[in-house]
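Protein sequences appear in the order of chains A, B, C and D. Using this note's numbering, the first residue of the first sequence is number 1, and each one after it goes up by one. Using this note's numbering, the first residue of the second sequence is number 1, and each one after it goes up by one. Using this note's numbering, the first residue of the third sequence is number 1, and each one after it goes up by one. Using this note's numbering, the first residue of the fourth sequence is number 1, and each one after it goes up by one.
Errors might be hidden in some of the hints.
Pairs involving identical chains hold if they fit within one copy or between any two copies, as the list cannot separate such chains.
[What the hints assert, rightly or not] List of simulated lysine to any residue pairs, SDA-like, C-alpha gap at most 25 Å:
{"#": "1", "residue 1": "LYS294", "residue 2": "ALA159"}
{"#": "2", "residue 1": "LYS103", "residue 2": "GLN130"}
{"#": "3", "residue 1": "LYS103", "residue 2": "PHE124"}
{"#": "4", "residue 1": "LYS192", "residue 2": "GLY107"}
{"#": "5", "residue 1": "LYS295", "residue 2": "GLY305"}
{"#": "6", "residue 1": "LYS300", "residue 2": "ARG116"}
{"#": "7", "residue 1": "LYS103", "residue 2": "SER81"}
{"#": "8", "residue 1": "LYS276", "residue 2": "ALA250"}
{"#": "9", "residue 1": "LYS220", "residue 2": "PRO314"}
{"#": "10", "residue 1": "LYS220", "residue 2": "LEU327"}
Read the hints as simulated data drawn from the structure, not as lab findings.
Number of protein chains: 4
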Amino acid sequence: MIFSSDNWSGAHAAIGASLMAHAGGYASNYGTGDLDRKVEKKFAEIFERDVAVFFVGTGTAANSLALATAHRAGGVAFCHSQAHVIADECGAPEFFSHGARLKPVDGTRGKIGPDRLEAEIRRFPLDNVQGGQPTAVSLTQATERGTVYSLAEIDALAAVCRPHKLPLHMDGARFANALVSLDVTPAEMTWKRGVDLVSFGGTKNGCWCAEALLLFDLSKAQELHFMRKRSAQLFSKSRFVSAQFDAYFAGDLWLDLARHANAMAALLAEGITASKTSRLAWQADANQVFAILKKDVAAKLRQQGAIFYDWPVPQDLDGSLAPDEGLHRLVTSFATSADDVGRFVSTC
Amino acid sequence: MIFSSDNWSGAHAAIGASLMAHAGGYASNYGTGDLDRKVEKKFAEIFERDVAVFFVGTGTAANSLALATAHRAGGVAFCHSQAHVIADECGAPEFFSHGARLKPVDGTRGKIGPDRLEAEIRRFPLDNVQGGQPTAVSLTQATERGTVYSLAEIDALAAVCRPHKLPLHMDGARFANALVSLDVTPAEMTWKRGVDLVSFGGTKNGCWCAEALLLFDLSKAQELHFMRKRSAQLFSKSRFVSAQFDAYFAGDLWLDLARHANAMAALLAEGITASKTSRLAWQADANQVFAILKKDVAAKLRQQGAIFYDWPVPQDLDGSLAPDEGLHRLVTSFATSADDVGRFVSTC
Amino acid sequence: MIFSSDNWSGAHAAIGASLMAHAGGYASNYGTGDLDRKVEKKFAEIFERDVAVFFVGTGTAANSLALATAHRAGGVAFCHSQAHVIADECGAPEFFSHGARLKPVDGTRGKIGPDRLEAEIRRFPLDNVQGGQPTAVSLTQATERGTVYSLAEIDALAAVCRPHKLPLHMDGARFANALVSLDVTPAEMTWKRGVDLVSFGGTKNGCWCAEALLLFDLSKAQELHFMRKRSAQLFSKSRFVSAQFDAYFAGDLWLDLARHANAMAALLAEGITASKTSRLAWQADANQVFAILKKDVAAKLRQQGAIFYDWPVPQDLDGSLAPDEGLHRLVTSFATSADDVGRFVSTC
Amino acid sequence: MIFSSDNWSGAHAAIGASLMAHAGGYASNYGTGDLDRKVEKKFAEIFERDVAVFFVGTGTAANSLALATAHRAGGVAFCHSQAHVIADECGAPEFFSHGARLKPVDGTRGKIGPDRLEAEIRRFPLDNVQGGQPTAVSLTQATERGTVYSLAEIDALAAVCRPHKLPLHMDGARFANALVSLDVTPAEMTWKRGVDLVSFGGTKNGCWCAEALLLFDLSKAQELHFMRKRSAQLFSKSRFVSAQFDAYFAGDLWLDLARHANAMAALLAEGITASKTSRLAWQADANQVFAILKKDVAAKLRQQGAIFYDWPVPQDLDGSLAPDEGLHRLVTSFATSADDVGRFVSTC
């Protein structure tokens, strides 16, 4: 009953098998091999357009490089206050861009509110050099609250960015979970909406270590080659990443894994809703369920071996928890079994 | 006949098997799992002392973090002019330390000369704020010229560093190759000599992606946790690194692989020396052979499928090559076969 | 009737005269001259202890270097949301420290609240590498709202910093104005309270360009010499700064100038309070008056040549302004005349 | 007999007088005042074209910002090995550009050799991401060896830069001295040759503190406003700089002061050449004389109160000094008197 995080899982068997299959022989290094090329083409196919693909080691690296491409002196990038870039990356985006400032902009259900975004951007007029200048907007899909931006919601953010010429970045650590939740294509969820850069994560969804930064504006690709190498993110044996992505995409494995994770989350949500003592904090759109559990129930679950995190109660829930209740995050993954979910909800 | 670089090889079967063996189940993330702990203990055992172990994604990351731990404002670090940190990392050490300067100091056979090092350090007296301040010395073991520092040579560099209180870093991208070449223990080659930080590379010697920065001064370890995360080098599924190292060290596999690579280099060197038209540029201590080949011989080898790099002729060889000769680097690895070597030298 | 900012004034006659008096002859450069030494000794006398004095070009430089001395990877420094370091320096503190994050912590009357500070610091436990680590606290004396921290209020912030080992920085762009407002000694307002670093500003109080960063912990002084030079803040003809400070301190000119500025602010506040249509937004402790003016009054004043800024209405004033009212900042300086104040209030 | 450096002088009387004249009244801050505008127009007039003018506090700041405008990830800028940017700025250019590398390229008489420059640039092909990428070339006019690039020599460097699209920066800490030495116009010495950025120094030539970065490509000006503020180089009372420049340019004072300094250097050179025991190391083009003095002569001069620096013997002078001789730098300024020169040479 491990619901702590989707990165507590290991790798899907097909990912491992692909690594084994590509372990022998020789391949050109530093991203110049045939398999690297094949995977890049697959990305173009999936996204239905030319796209520059940069493998990196971590989602933090993809996010930080993305924001660094947009950075200028005194730059301010906007994101949700719970976004990974501002809350969980130890200042990596600031480091990669030599001092960018991240400015939190909130809204409902863990999403950036377009009106508030517009208002915040306007606080940095370009003729006020003291204040700094806006440089980018980063949204997280699926969000840290387990919700998913609808296409219309992404449209709304892109519409705010456009007149200010701010690139729109999507942190897609859980890209696949959001995609299958919306049941749309990668193109529809990204560049067709006005998204310029995507941190495309495979790790949380069944890979060992497969992350890529995607650029739709190819004119920035050359510079990013230097930026990636300069930040020590260019793997010498890059086929160890491309072998993972090769298997990840084959036969739409990635979508199947995400669908499974989401289905397990739905099952969990259903069970919690049906339980006598527990309830959902809000609706789960993808593979993260936020549940309000009685403290004794949580303790009992942990005694039975369940692992899951306490979660700080956000402002909009203030006052809605009883003193004997706590908020918790439950994350499912490709590896979650219906049996584990069943055992969990039976105790709720 | 692939002699272009040891990172053109894939992964040794045992490395892949270990990844597969650890693919299932759940493990605590971000370097906090049981396997991570086991591997850290193994490092302590191998180095015969407490050592702080930081897994990172690339050798460049290990080197850059190592130099960053020593950085101060206006800092100048010293290395050989052909060192990877100065020649092949696109300014990553400068980036990680926000503007460190790398100052080349040469000597014989691709090694830093201790007298020249002392002279260069003295050019930065601490009361001359304009000049900057010395912060660290980095040596590469084995060197980029395929030579290996003897224990006495490391002692000599450490003796220069000590009175200036400069930490001594060892770029050990080919640590194992140097170690078996000297036939000494890891402790003897590092901290017993006065080495403070080691970039410990496993990738070139049979892993997919297994690099670690080792610190012998544990008081700096806490800060490095933040530095690593801040530079986007903390893997979420860290067991994919520890699983590699676990197999790498089991039954001294790492030493066997390095011995094989070195033996193949020796065989290559022997064959070249025995050939009619080709010769060694200088003695090969580990798994890199530098050969002077007739241009038509090199062309013929390439026609037969051999892959190897041209190499710039260093100053100390100036004038010793005939117009129809070229200098080339030939690198062997765990994957090199005696058959490949035989085919190569038969054409020399 | 110029109340826009105290840096719209020029230089006091005595400052200019000192520059003229020291214009001839030769002096050792880069802060090594006799006059530099004399001024440093004067600082020690004024502060009643040894203090390391670093002349810099701007208050922004002093603040940024101060925070940079405390920076560590993933570092988070705390300040008020209206503090100059976060609101008006275009990311300089972040730049000087390669990516520090500034976290706003508010309280009453433009001051950091000690309880909120404690709570914010606790959000960054050192075992959560993802979140980053707290590094420093910066308070502004006098504040951007024209209020002045009492000695007890500084004590309270220092008491929060101490157990977390966070250095406490004072942005003293208006140091003198705060000092004479409290009627205490420099020692009492700083190190006796637990302040570790002071940005000591002379520019706003009658100098052309005289700013100094003061360190009470002399062990950090050597490193700061390199940090200052590295950030291009070491003046070659440093006597142009020391000549200003020499006159500034002579006969307590600096205190007289600050007393005058504060007195003019008090006169302004008195007149506004006594006026029929205008009122104070809150009490003025030093040389900044925040007034609520009828829109037609403000327009009339501007027609008559008055210059002053509109000010955003802070949350704690929300709803307390009528639709025909606006909030404005009025700043006095050594150059403000009672006549100007009189003309201003006669229109209010 | 102070020949240590031109920044040991104070300020010319006219500079001080201008500061006094502008000390009263109010002026808009942060570079937005009428006098700032007037001086900017004067720059445009002097340079015979539109030019963006950025006042900064030090020559190091101007140089560092200039190189930072050109920086890209893994960037390498080229300069002479004795250039101030690489030898005397404590890594400020590297800091301002977050890790640029400065690569020394030498030639005859302290100048960059165009052929060597071309060769060095070619060592960084854009398809070799490991090596980094060339970003800029910086020449010093007059050089640190007291020589002056001829117009043809600047043309030659610009011709190397152009096909590589590298901006050419001129460190003009001694701009005026070089200009009157060549007897050309500012336009002829800069943008008409292909110079893109100029660090225009007034401090060494009679100002207290008056330095400006000049950009001929106005499209980069907006970004530089943020870069300057972000690096804490935007003065609030900017008229203290513009008042200096205003007097500096009035009646061509700046040219007169430089002519005087150069004439004093010529007198010094003449006297040394005519002396029995001393000689010139090389011809002095501007206001720096490099002299080879007998050790006892140097000692005697110092006994008589002369101040001047020993200078490291460059490679091209190797072996040409007798054991009882030393190399020394003698710098003249606007403040040097013929009497001082006379007393100096009478002892040579």
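Each hint tested on the structure:
1. LYS294 - ALA159: neither (42 Å within a copy, 37 Å between copies)
2. LYS103 - GLN130: Both: 16 Å inside a copy, 18 Å across copies.
3. LYS103 - PHE124: both (11 Å within a copy, 18 Å between copies)
4. LYS192 - GLY107: For LYS192 and GLY107, only the intra-copy Cα distance (23 Å) is at most 25 Å; the inter-copy one is 45 Å.
5. LYS295 - GLY305: within (16 Å within a copy, 66 Å between copies)
6. LYS300 - ARG116: The answer is neither: 42 Å in one copy and 34 Å across copies each exceed 25 Å.
7. LYS103 - SER81: For LYS103 and SER81, the Cα distance is within 25 Å both inside one copy (8 Å) and across copies (12 Å).
8. LYS276 - ALA250: neither (42 Å within a copy, 51 Å between copies)
9. LYS220 - PRO314: Neither: 38 Å inside a chain and 36 Å across chains, both beyond 25 Å.
10. LYS220 - LEU327: Cα proximity of LYS220 and LEU327: none, with 43 Å in one copy and 36 Å across.
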